[in-house]
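So the protein lines, in turn, are chains A and B.
Numbering follows the working numbering, with no gaps: position 218 of the first sequence is 579.
Numbering follows the working numbering, with no gaps: position 126 of the second sequence is 343.
Rather than coming from a laboratory, the hints here were simulated on the basis of the structure.
Just so you know, nobody snuck in bad clues.
Derived Cβ-Cβ restraints for the label pairs, each shown as a range: (1) E288/B with D473/A: 53 to 61 angstroms; (2) S247/B with G463/A: 44 to 52 angstroms; (3) N264/B with D492/A: 46 to 54 angstroms.
Don't be surprised by glycine CBs; every beta carbon is placed ideally from N, CA and C.
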Amino acid sequence: MLELININYEIDGKKILSNINLKIDTKKIVIITGPNGSGKSTLSKIIMGIILPTSGKVLFNGVDITNYSIDKRSKLGISYAFQTPIRFKGMTVKDIIDISLGENSSINKISDILNEVGLNYKEYINRELNDRLSGGELKRIEIASVIAKKSNLIILDEPEAGIDLWSFNNLINLFIKKKNDSGLLIISHQQKLFKIADEIILLDSGKIKARESYIDIKNIICCNKCVNKGCNHE
Amino acid sequence: MSNIDQNLLNKVIENIDYNYAYNIRSNSRSIQRKITDNVNIVSKEDNTGIDIYVQDNTKFEYIYIPVLITESGLTDIVYNDFHIGKNSNVYIVAGCAIKNNGKSKSEHNGIHRFYLEEGSVVHYIENHYAEGHNHGSKIINPITEVYLKKDSFMDIKSVQIKGVNYTKRITKGILEDNSTLEITEKIMTDGDEKADTIFDIKLKGIDSSCNVISRSYATGSSKQRFKSSIYGNNKSYAHVECDAILMDKGRVEAIPRIIANDVNANLSHEASIGKIAKDQLIKLMTLGLTEKEAEKEIIKGFLK
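Can you make the complete structure from the sequences, with help from the hints?
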């Protein structure tokens with residue numbers, strides 16, 4: 362279980378997150394949503410250790426991991442899919458999945474993993490993770506590299522970004538399946554995803570404004586542009 | 218072949234298939250040679266090197282031309298000329314390995330000239346490696362000249378693996394109609410090593426094309442300089458890509474020049490030099506690697 366205690370984060374005198382207190386159970390899908398700039402990505406990076414909080418604690422299964430390095434958190438079973446996939450000149454799809462699995466994996470295994478994100482291994486296994494792949498392809502490979510790894514908690518930062526709706530429906534099914542092995546913490550604006558969430562956390566101006574089920578959050582969220590019920594945005 | 222030679226040979230060529238043609242040169246003389254029905258190897262009359270003749274229509278044969286140097290203080294110069302017959306398709310594997318445990322300089326200057334006839338294809342692989350316990354310099358200066366006739370194709374995969382104190386690598390090419398040259402060069406330098414690499418490619422024929430990919434990794438206080446000049450003298454296409462990763466006090470200078478002498482020449486270049494991107498390290502750390510392990514994987518992939 363992940364627990365955030367009084368997390369604050371400030372940069373250049375600007376408060377990004379204020380007194381975040383949160384418990385997230387494993388084997389649940391929890392979505393963090395909210396307007397742009399509300400601190401969603403920052404919060405997810407604090408959990409992975411990419412950013413250290415100005416104050417507060419991060420506990421994972423009861424252990425204080427606030428000062429743990431990224432790799433140490435990864436070894437505890439926390440995984441992270443980037444909003445914008447990272448490109449590597451020379452490194453191939455097989456290389457990144459091998460690193461994720463911690464082994465020189467068989468073609469069958471890689472084929473199964475790529476299949477989960479809708480990619481044919483024959484076409485992709487030796488492709489380099491560079492600009493010759495489209496944004497959508499890189500995004501699916503990014504998700505594949507994360508689901509390949511044995512995890513207790515998977516953080517996905519805007520998994521819908523760059524992925525067409527048809528493929529995204531398949532990814533939703535994948536996330537439901539992954540819930541059997543680990544918790545999923547998903548940063549998203551995508552209302553289609555809200556339906557599969559056990560809980561939805563609404564972040565606004567660095568504060569938790571609401572934490573509700575899908576049914577209840579519909580009464581709070583008006584649109585993707587704001588969090589005020591009754592706004593006139595289309 | 219001595220064990221020392223064999224170990225050195227393994228550094229630059231993983232497995233020689235002795236069913237094919239080869240010429241193994243050690244300390245300035247040919248120590249083993251084999252020819253086949255399709256590939257003839259003849260020593261030059263003045264003994265400065267060899268001529269390799271590949272018959273027309275030869276398909277999928279290998280030719281191995283390694284050079285080994287174990288004598289400290291030796292300066293070796295060799296001229297190897299490859300005459301590739303029409304519609305042939307061959308793999309040529311070359312390489313130079315130096316072991317210098319003395320205090321004097323050991324140097325190899327290999328001038329390889331490739332004459333590709335119409336419709337022929339050459340896949341050329343060249344690896345360079347050096348080692349030594351003492352202060353004797355290890356220098357490798359390869360000159361590769363390629364002359365591509367109509368509809369021919371050549372790809373060059375050249376790697377400087379490690380241990381070469383100084384190298385000046387020159388690659389020149391003249392491409393005729395509808396011919397293609399693909400070059401991938403990877404150079405790793407460490408300590409106080411220096412590497413200069415120069416490309417001079419002339420796209421003479423209509424629809425000729427060239428693609429140059431250079432990847433450098435400079436660590437320690439080593440220095441590398443990449444200079445390329447690609448001339449589009451006809452309706453032609455070329456792209457040059459030079460990427461370098463720096464570590465410690467490594468330095469890299471990249472000077473990619475493209476010169477369009479024809480309105481239909483389509484030439485482009487890109488160059489980037491810098492440390493390993495922080496985002497790349499973070500990504501691999503999220504998969505469980507330490508920062509050091511992540512660096513190693515990134516460089517391994519970059520130079521693969």
